[in-house]
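Participant: Whenever a hint applies, use it, and build me the whole structure from the sequences.
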Amino acid sequence: MTTSNISFASHHFFTIKTKNTMSNPTFSPQQQDTFCLNIMSNVSASFYGQSESNIQQNAQAALNALFKPTNNVISTMNDTSWQIVWGPSVFSLLIKDKKKDPDQDEYQPMNTMYIAQSQNTGQYVVAIAGTSARSVLDWTDEDFNVLTEVHWPYAAPDNLTPKITSATHFGLTHLTELKDPSTDKTALEYLKHVGAKDIMVTGHSLGGTLSPCFALFLYNKMDNSPSISCMPVAGATQGNPDFSTYYGQCLGGSTTRFWNKYDIVPHADAPALMKLVCGLYSPYASLHLLNKKDDEFRLAVEAGIVVGDLYNFTHIMPDAPSFTNNSGIVTEIQSTCSLLPSVYFYQALFQHIDAYGYFYNIGNFQAAAAAALNGAGLGLDLKYPFFNEGSLEPAPTLEAVA
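Residue numbers in the sequence shown follow the numbering used here, run continuously in steps of one, and reach 402 at the last position.
No false leads were slipped in.
Computed beta-carbon distance windows for the label pairs: (1) THR183 <-> GLY49: 19 to 27 angstroms; (2) ALA303 <-> THR70: 45 to 53 angstroms; (3) ASP158 <-> LEU94: 42 to 50 angstroms; (4) ASN361 <-> THR183: 34 to 42 angstroms; (5) ALA272 <-> GLY252: 14 to 22 angstroms; (6) LEU94 <-> GLN119: 32 to 40 angstroms; (7) ASN224 <-> SER51: 34 to 42 angstroms; (8) ALA371 <-> THR161: 43 to 51 angstroms; (9) LEU94 <-> PRO321: 36 to 44 angstroms; (10) HIS193 <-> ASN361: 31 to 39 angstroms.
None of these hints come from the bench; they were simulated from the model. It should be emphasised that the depicted structure is a prediction, and the values quoted were computed from it without experimental measurement. Here a beta-carbon is modelled for each residue, glycine too, at the ideal position from N, C-alpha and C.
Facilitator: Quick look at the structure:
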């Protein structure tokens, strides 16, 4: 057993136990590329401003920088022929200042999506962004609003009553209504217009929750019988068991769900998994009994268990295996961060973000992406997940703690 120093998304350093152990689900070169396309949808989360158009323009400029041939980002991928063909399109909301100072009001991005196409294979990838960390409404309305459910609005399968949470419905509705700024077409209208035959939908975190729903929406609405596949990553549950069953009947054969055993987000609202959350990193990182933030989190988890049991929230592809040995457990914190109340939350953030970059082994892509965004002159905060110093270190072989 050895130790390795590794930098983290917030630019702090950890010491990590390393050991070769256990096997992981494997990924194909195409899935590695899909993950790269997936995380590029998150650039809008770094932008906030006085107008929706400002956020939209900056997101467009950032994505253009990532796809610009001379920036050599796409050239790090297995298929180097990807081009943006729709979007990005950003849904933003005006957040009022708590002290009622209109000068402090700001628009915050809630949902972002774009479509890229491989010029080699013709495949379209629909990439859906995750939660915008600074947007309170994104957390409350699209992540935590799970106390009510909505009937799946796009089909009525026999002998099933598929329902999704209000949070999932809220986000999905925004995605279906987003329009390309240049053509004024929704993603569905665009894909119908070009006669798309091969469509992959993907996302990480909130995007990992919404991407199966958007893929199923396309499945219900596309009239030219295209091949529709989905690669959700690090997502939470979407709805009830009937939704999981219906999804499996429609797209189960073309969906691969990736999730990290030590990532708390895929545990969210799934009753059996939710019960593991508080002790997930023990004894390396535990919630403290006398820490207010830790206590609040523990109470939220206990409430989540009750709600999860009440509604029996179920993952799509519930038997999908997790990966473990490329994430590892952080065993020593060498610096502190005032934004995170305990070691537990350092660990949770690492497992939800950096671990996936290591699993997909995309260090060269991340380095090129960070350089491209730095050179674009957009004032991006590169501490944002996947485009930061913490993701640029070579991936060590990390211990899987059973």
